[in-house]
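A.B. asks: Using the sequences provided together with the hints, build the complete structure.
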Amino acid sequence: MPLRDALSAVLVMVLWGMNFVVIDRGLAGVPPLVFVALRFAVVLLALPFVARPAVPLRRVLAVGACMSLGQFGLMYTSLAVGMPPGLASLVLQAQAVLTVGLAALVLGERPLRVQLLGVGLGVVGLGVVGLGRGGSVPALALVLCVLAALSWATGNVLVRRLRVPGGLGLTVWSALVVPVPALGLALVVDGPAEVGRALTHLTAVNWLSTGYTAVLASLVGYGIWNRLLERHPASDVAPFTLLVPPVGMVTAWLADGEVPTPLAVTGGVALVLGVALVTLGPRWRRRRRAMSPGVPTDGSVRV
1 MPLRDALSAV
11 LVMVLWGMNF
21 VVIDRGLAGV
31 PPLVFVALRF
41 AVVLLALPFV
51 ARPAVPLRRV
61 LAVGACMSLG
71 QFGLMYTSLA
81 VGMPPGLASL
91 VLQAQAVLTV
101 GLAALVLGER
111 PLRVQLLGVG
121 LGVVGLGVVG
131 LGRGGSVPAL
141 ALVLCVLAAL
151 SWATGNVLVR
161 RLRVPGGLGL
171 TVWSALVVPV
181 PALGLALVVD
191 GPAEVGRALT
201 HLTAVNWLST
211 GYTAVLASLV
221 GYGIWNRLLE
231 RHPASDVAPF
241 TLLVPPVGMV
251 TAWLADGEVP
261 TPLAVTGGVA
271 LVLGVALVTL
281 GPRWRRRRRA
291 MSPGVPTDGS
301 VRV
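Numbering-wise (the UniProt record's numbering), the sequence shown opens with residue 1 and increments by one.
With beta-carbon atoms standing in for the labels, derived distance ranges:
(1) 110 - 2: 30 to 36 Å
(2) 10 - 140: 31 to 37 Å
(3) 48 - 231: 21 to 27 Å
(4) 109 - 265: 31 to 37 Å
(5) 229 - 139: 34 to 40 Å
(6) 227 - 205: 26 to 32 Å
(7) 127 - 82: 17 to 23 Å
(8) 229 - 255: 26 to 32 Å
(9) 165 - 10: 22 to 28 Å
(10) 181 - 108: 27 to 33 Å
(11) 227 - 124: 32 to 38 Å
(12) 4 - 58: 34 to 40 Å
(13) 204 - 82: 22 to 28 Å
(14) 201 - 107: 44 to 50 Å
Note that these hints are calculated values from the structure, not bench results. In this text, a Cβ means the ideal position worked out from N, Cα and C, and glycines have one as well.
C.D. replies: Printed below as a string of C-alpha cells:
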C-alpha cells in the first residue's frame with residue numbers, strides 16, 4: 001500500500017478513535033436517542049449525492065436497523081449512563097469476534113483455527129475487562145456497550161446474508177431508518193417534555209459534536225475507507241481498525257484523564273489480540289499456503 005493511502009487509513013482511525021470522546025461531550029444536556037436522531041438526520045443531507053446500493057431498499061434498511069439504529073442507539077445510551085469513552089472504543093471492537101460467531105451460527109461459515117483462537121481470546125479479554133472495569137463504570141453501561149457490538153456484528157452478518165454492498169452508500173442510505181424511530185423511542189423513554197427541551201436548547205457543543213460525528217466520522221471517514229477498499233485488498237485495509245482502541249483511549253486520557261484499571265488494560269490487550277487474530281488470521285494462512293502450496297487445506301471459509 002502506498003504511503004499516501006496508509007496515511008489516509010491512519011487518518012480515518014484517528015477520526016473514528018476520537019469520535020467516542022466527541023460523542024460523550026455532545027451528550028451533555030441531550031438524551032442519547034435524540035442525539036442519535038440528530039446525527040443521522042445530518043447524514044441524510046448527503047442522500048441526493050450518494051448512489052443507493054444496488055439492492056432492494058428493504059435490505060439496506062434491515063442492515064441499517066442493526067448497524068446504525070441499534071449499534072449507535074445502544075452505544076450512545078451506554079455512554080450516557082456512565083461508560084467511559086476510552087473503554088467504549090475498546091469494548092466495541094468485540095464486534096469482530098462476535099461477527100465470526102454469528103456467521104458460523106447463521107451462515108454456516110467455518111472460521112479458521114486461528115480465528116477460533118482469536119474468538120476465545122477475545123471473549124476472555126472481554127470478561128476480564130468486565131471484571132476490571134472499576135467501581136466508576138456501571139455494569140449496565142458495559143452491558144449496553146457489548147450489546148452495541150453485538151448489534152454491529154448482526155449488521156455485518158446481514159450484509160453478507162442479504163448481499164448488500166458496503167461503503168458510503170450503505171452508510172448514507174441506511175440512515176433512513178434511524179432519525180424517526182430514534183426520536184420516537186426517545187419520546188417514550190425520556191418523555192415529550194425532555195425531548196422538546198433538548199431540541200430547543202441545543203448548545204454549540206451539541207452542534208459541533210453532531211457535525212463531527214455526521215460529517216467527519218461518517219461521511220469523510222467512510223468515504224476515504226470505501227476508496228481504500230476499492231484500491232486495495234480488504235486484508236490490507238481492515239487491520240488498520242486495530243488502531244481505533246489505542247486512539248480512543250489516548251484521546252480519553254488527554255481529554256478526560258481517563259485511566260483504566262490494570263485489570264481492564266490486561267483484558268483490553270487480550271481483546272485486541274483476539275481481534276487481531278480474527279482479522280489477520282486469514283491473511284497469515286494465505287501467506288503460509290503461498291509459501292507451501294503442497295500443504296493440504298482444511299476447507300475453512302474466511303469470515
